[in-house]
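Protein chains: 4
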Amino acid sequence: MTGRDPGRRYLMGTSPRTHRLDVTATGAEGSWIELADGRRLLDFHGQHMCIGVGHRHPKLTAALHRAVDRLDYVADFFPHQDKDRAARLLVEETMDESAWVGGVRFVSSGSEATELAMIVAKLYKNRPLIVTRDLAYHGWTAGAAAVTGITALRNGLTLEDGSSRPVPTSHPPYPSAPAPICSSCPLGQTYPSCKDSTGTLACVNATERVIRSAGVDRVAAFITEIWHGAGAFLVPDEYVGQIRELTRRLGVLWIDDEAISGVGRTGRWWAFQHYDVHPDIMTAAKGLSSSAVPVGACLVSTEIADFFGRGWWGHSSTFAGHPLALAAVVATLEIMIEEDLVSRAADLGGVVESRLKDIVARHGCAAGYSGRGLVWGVELIRDPATGQRWVEADRWRNPGLDPTTGFQPTGLVLGECLRRDVLLFSYAPNTVTIAPPLRITAEEMEIGLDALDAALDRLDERNAA
Amino acid sequence: MTGRDPGRRYLMGTSPRTHRLDVTATGAEGSWIELADGRRLLDFHGQHMCIGVGHRHPKLTAALHRAVDRLDYVADFFPHQDKDRAARLLVEETMDESAWVGGVRFVSSGSEATELAMIVAKLYKNRPLIVTRDLAYHGWTAGAAAVTGITALRNGLTLEDGSSRPVPTSHPPYPSAPAPICSSCPLGQTYPSCKDSTGTLACVNATERVIRSAGVDRVAAFITEIWHGAGAFLVPDEYVGQIRELTRRLGVLWIDDEAISGVGRTGRWWAFQHYDVHPDIMTAAKGLSSSAVPVGACLVSTEIADFFGRGWWGHSSTFAGHPLALAAVVATLEIMIEEDLVSRAADLGGVVESRLKDIVARHGCAAGYSGRGLVWGVELIRDPATGQRWVEADRWRNPGLDPTTGFQPTGLVLGECLRRDVLLFSYAPNTVTIAPPLRITAEEMEIGLDALDAALDRLDERNAA
Amino acid sequence: MTGRDPGRRYLMGTSPRTHRLDVTATGAEGSWIELADGRRLLDFHGQHMCIGVGHRHPKLTAALHRAVDRLDYVADFFPHQDKDRAARLLVEETMDESAWVGGVRFVSSGSEATELAMIVAKLYKNRPLIVTRDLAYHGWTAGAAAVTGITALRNGLTLEDGSSRPVPTSHPPYPSAPAPICSSCPLGQTYPSCKDSTGTLACVNATERVIRSAGVDRVAAFITEIWHGAGAFLVPDEYVGQIRELTRRLGVLWIDDEAISGVGRTGRWWAFQHYDVHPDIMTAAKGLSSSAVPVGACLVSTEIADFFGRGWWGHSSTFAGHPLALAAVVATLEIMIEEDLVSRAADLGGVVESRLKDIVARHGCAAGYSGRGLVWGVELIRDPATGQRWVEADRWRNPGLDPTTGFQPTGLVLGECLRRDVLLFSYAPNTVTIAPPLRITAEEMEIGLDALDAALDRLDERNAA
Amino acid sequence: MTGRDPGRRYLMGTSPRTHRLDVTATGAEGSWIELADGRRLLDFHGQHMCIGVGHRHPKLTAALHRAVDRLDYVADFFPHQDKDRAARLLVEETMDESAWVGGVRFVSSGSEATELAMIVAKLYKNRPLIVTRDLAYHGWTAGAAAVTGITALRNGLTLEDGSSRPVPTSHPPYPSAPAPICSSCPLGQTYPSCKDSTGTLACVNATERVIRSAGVDRVAAFITEIWHGAGAFLVPDEYVGQIRELTRRLGVLWIDDEAISGVGRTGRWWAFQHYDVHPDIMTAAKGLSSSAVPVGACLVSTEIADFFGRGWWGHSSTFAGHPLALAAVVATLEIMIEEDLVSRAADLGGVVESRLKDIVARHGCAAGYSGRGLVWGVELIRDPATGQRWVEADRWRNPGLDPTTGFQPTGLVLGECLRRDVLLFSYAPNTVTIAPPLRITAEEMEIGLDALDAALDRLDERNAA
Ligand SMILES: Cc1ncc(COP(=O)(O)O)c(C=O)c1O
Ligand SMILES: Cc1ncc(COP(=O)(O)O)c(C=O)c1O
Ligand SMILES: Cc1ncc(COP(=O)(O)O)c(C=O)c1O
Ligand SMILES: Cc1ncc(COP(=O)(O)O)c(C=O)c1O
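Chains as they are written, first to last, in the numbering used here: chain A, 1 to 465; chain B, 1 to 465; chain C, 1 to 465; chain D, 1 to 465.
Check the hints yourself; a few may be wrong.
What the simulated footprint calls covered on chain C by chain B, stretch by stretch (three residues with Cβ under 8 Å from a Cβ of chain B suffice, anywhere in the stretch; the number is not a length) [what the hints assert, rightly or not]: (1) 37-48; (2) 148-154; (3) 204-216.
FYI, nobody ran anything at the bench for these hints, they're computed from the structure.
These figures come from a predicted structure and were not determined experimentally.
Every residue gets a Cβ at the ideal spot worked out from N, C-alpha and C, and that includes glycine.
Can you build the whole structure from these sequences, using the hints too?
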């Protein structure tokens, strides 16, 4: 059966019923998704940046078949082979020479990984607060949402009359530092002149201020992304090292959320490895299993692992360490290693960058690009002369409509790409994000970038009109 | 490979490193789990009550193979066949004649299902509080933990020196009503004389009091389990109907957590169906996919679905509606229907009950039993004459040691069963729980109950000594 | 000037502008309040139970004159004579032989005293939660309101359309135990048959359950009143001793709020002294200065005082230890001692009780009375035969209207008393409260009780009609 | 009696017992405080900036005598003359031509005024959050402390071993914007070059960011001081107007805390009046009664007053509108008007400023000054050449010791002043604050400034040594 099942009307989505997509995905292979009507789409955004080794990589598929024939499910207290092996691969094969990781725990999503990291940090430091950043995204469950700075992604509802209803939570948001986004610096600064006399970035100084204001003795950890997925931007170069120095100096843990930027996406196993430091706690998800099975992970330093290893922990998660999920993790990591996909991502990243440079140069509507390895964002602009954006509020509000005209620039771009069978996404109102499978071929890459190029032509034409 | 991988030392578990199990699960089939040393264990507790249609049911296995060969992963905005079908099966095939469900949303665990239910309730009612019960368990993420009444399962750490360190949360627990547990009524009452002149149970009246005290205009929902999994008890018969009446009268939603008690476990599709009422929001997990793939679900009434169907919801979950997970759900539900496993659970429940009746009668150390269908708890007691328990604090604290002697009665019972290759669990200090796969054969059932019988002999002997 | 100042229209009250009282208080003396129109009202309720030694007791007045001529205000770090003396009087003269108090701190209201007690308890135990009771009142500021069980007094607004709007607080209510109110036991029990085999009251067992459910390692203190002022009831006799035993056993502090019941009101200096135990932290207000100057106090045990006495405390309150307030406290305490008003309150209490006994016996509309010393509540009832109340929800909701007829029984009683120039109050919908100045004469007492007697006649007549 | 009462040992202070002041204040008059040993101190700091019309102004003293002889206390529902009159004076005499105030409510402290303002804002907007600033101080009760940005003043304890213990609160701090302090801009900017192209200050832009990040639909109000009392600095000129524009544009209320800066202190009745705008809610305390009686007030706009005037408000405060407190308010306001003390403060401010200019110029250890009217702060510096501060962390931590040497520069300055019988205070580690009574004579002013001048000589000498 390929068609639409009447059960679809029962599915509770996140857009109004009248706006739901009416296609059906029936298959996927490599960089392509197949639809019920026979169409094939180039998955140029990798399904929320998830598809690491490509759709249905034969070795991953084979591993899943083997796993299905072996052990369906045992509770987390049972050791099993893939759980052991996944832990070893992560700790021993992906951390370069560094031996900072002492413990790994697997859960079932990125949000759960964030929740776990927060619990671990709070227990280890015996302090109640986590400090986060504006424009951050760490998930949707209560804890993860409380460190999520993107207001539009905190589970609120926009009602028919246009009014918004935030979740009437009994939990105030955690303290939040300014987002380290140079293309529209919230501190009104310009990189690199934002550095103070000691070379410290203004946003890092601001983070120190926020931690001190919350009270150092109440703050368990500071949480970051490096490529901000939902915010669609990369932190400035000095940021990560300076955050490491800051958190160490203040005696606060550093949680690095690598749900998106991990597992080779940025051209290193983990994004933090570009910066010659390591976090105290790290999370992974999405690419960890190429999303073949829901899974997330939380990795902790040896100090933290030792601390927990001596206690009884009143914590239980049914699907933690699920055999099928771990089979997918093991297969994904082994493929990454065998095919050296991390280096490949770095190399392809160079190709993308030079192509984006050219594309941006040729389009008035493209203000710039940002990214690393195989995750990139392109910023759209209304008026190249004045730098005026389409949606002024930018990353603060959904869904990216120019309020005066109702025109949605990202909508035009995504639509034009889709007409060319290229699937792209946009998180922030003025930005489109590219994050193809790491095994995308050079040819497929060109198809995707050509589509983007053509789509930007259309936006330029509209502007000129 | 069957042995222990050195990666195991990196796995972060919940018991001290020195206490970790040193076996390896290598396979599972039907009601049995296979270990690396060749041993086979009867899975008499179904891995946290998860294994619905049995380990690796051939049809479920086949469905997973098919799914692996089809569509690995697409984001939630893509419809696909199994998602549609799973929604239809749940709404149209499992709800008897009732058409109360208007929306279904799939996430990746029971905790996520709880989180989603809480968010939905708060947004729909535009109120910040959820009221829960003592001895409840609804998961470990920040929101779910805040409605979890079992203190020992709120992610706290028991340190080497015996002291406990709760998660230094910035979120007070939600208001909590007394647990509806008749075997040790927290209100000091005896069922059924606890009913007031209108027939209302004391625990239901107490729940009204707690909701009113929290402020009806602040309470979005009351959340229940029916079989309290981690508490290991069944609510009294009148409870569910009276809770429905109460919540309706006060204008508060009722969330029914069927993570454990759903999908046939109690001899009906859903435990609430024994009581001729339906909730406003229901969650499912565990048995929903026979735990073959991590998945949870949240079902909502037509009113709620309509409300959400008209708005934009700032909510996103990567693995929501994951194709592989949904394939497992569809296969599980279809097997349940084809093999009529719901009725089978009801029938087998009768067998278990009469056998438990006899076992309890013959053992001084067994105080009673409680349950329905294929989920049962047996209460252990130190002194049948006085009714004195082993662990006085009972469900409030973890490891179930008699504090004076260090003796752990459930430890003895589980150990004796394990010596007989029967795997049982205990959540509450004085209780062991039985929840085998729904397809367990009559013969296997006898093996399990015989082991329990023999184990209780040992406990009686120890008491006599 | 005696009349109404046009400035009155700017005063922000708590009832709708259309319902504000349009009289002017111009003076007060002894047990009487004088109005601008020459009328004199017997202050039979003592202005929220505040007027200890009587309005404008000559010695108190003289002490205030002296204080005004001496030292207007110095900050709290300055010692001054009345602050020293007040501390000594409280610790050495009002605590019988017991030397439990090690520290006293003065603030400016009952709410501030509660806030201080909560902060002290949390810091001393290093734990975040305070457990309270339903139907409690401890003040209106954010912390005090969070332990206030009376929903109608948590600063919410009842809008014109009858709907209620709770303060959209970001703080869930603290865990709350059932109210220890025997006249309508929330546990459906009847005193004294509510005691378990060890003699423990059901409400005390329920309190243990609530503390355990919140997690003993998270609970800093349990807070009580003894005479519940806003709830208008006295705790059962065994309650206080059992709460002391319970909190000690669990290692949790006990905070006793004596804002109302302190300074002789119940016939002992402090209400806890009837029970042969003492709290860890005690608050006082209202009667402490006979309300001549705003003041509250927090008294702590020697252990707690020693702990704080060794540290630097980042706490500052401008008016803490205000010279004028402390002059009023010293004068009030000295008058209490010189005139032996504590014993007088005890003696007069006997008179009131026997008179109330008779009044209740003679009125079908009077269901009973409760109290001690000079604070009493009389419960009104709609139907003596069936025990049916006027306002079913009783203490849960505010204005005390019978919802079907709009009739307000307490309104009738208070109004009839007022016609007789006797001022009475009602907090709970079916209850009127008596709490005259402690120096009220026997004659004045008769006037007040006669008025009540006559008012109840009117209510009986109305019922008969 | 003039000496030390043994009761002093029971007083619970905020510094360790071994560090308590061992003097006794026995009287006060005009600008002077008298001690038991006969010494007279010039109250050059006005007791936490409280002493408006001077200590024991004869008219205020007379008014208190009259009040004591009239009406001791009636509950808030009773109108009385001084309450009416105080409301009228505030609304009609202190607000220039503007008629923005529609309601006034009196409570008993600055903290209570903050709490009330927060409750009013939350109810009116029906939103749960208040946004505040770092280095703010708004009081110590739970709500007020949650908007207090000065970590050292959030009621935490510094233990003997030097470690700090924050109040284990269950309430995360409210979202906090950077402090608008130009002398050490937290954003690393320099006024006025911190303005963006539209002239908006960087700290105002940062405030917009914090409000947006918290979610505009969750924020009820933004709270400010204008002279930050505990932070000891004045906001930059454009700040107030831009905050007004910002809050109006976002649809958020603006609460102006005038506990310190109100009642003429800055040379206008209220500090906001320097800026040609008005807040939605304003608080007052301290100077409102010259601190002769504990009192605070909350003033609200006509829109808010109308909204509340139509509802029943479940709010009660015993000492709200206390007759003696209101007598002090009326007398203070009348004296202010009669003696034109507001203009006098403005004029004297000019004198102070020119003298401070000179003093700072002549002292290497003085980095600068800031203030308006009769409230000023002087910043101390370790090294004028490099601008190096004494205490690097500055306003973040108590008690201002240079951590390496243990030297406390403010301690030296205050001590030297005290040797000269001039009482000064310091809140922030590197700053001393001047805030004498508004009626201080020119001569007394010189005495105070001379003392400061001489004290700074000593600090310069020490630096030179
Ligand atoms: C950085 C980051 N963290 C956490 C999450 C949450 O992951 P999930 O959607 O699996 O719950 C996401 C999801 O997009 C993410 O991008
Ligand atoms: C009733 C109930 N709800 C929720 C959960 C949480 O599910 P999970 O462990 O999948 O997060 C459980 C898990 O045991 C449960 O028993
Ligand atoms: C028992 C109790 N505690 C605290 C308070 C609060 O006191 P205040 O109104 O002075 O803030 C009251 C006031 O009625 C009270 O009755
Ligand atoms: C600006 C400000 N607000 C509020 C307060 C709190 O006032 P109180 O100490 O009277 O509670 C203060 C006290 O110093 C203050 O300076």
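Hint by hint, here is what the structure shows:
1. Using a Cβ-Cβ cut-off of 8 Å, 0 residues of the stretch 37-48 of chain C lie near chain B, which falls short of the minimum of three, so the contact claim is violated.
2. Given a C-beta distance limit of less than 8 Å, the hint that chain B covers the stretch 148-154 of chain C holds, as 3 residues qualify and 3 suffice.
3. For the stretch 204-216 of chain C, the proposed coverage by chain B is satisfied: 9 residues have a C-beta within less than 8 Å of a C-beta in that chain, meeting the threshold of three.
Hint check: a violation occurs at hint 1 only; the rest are consistent with the structure.
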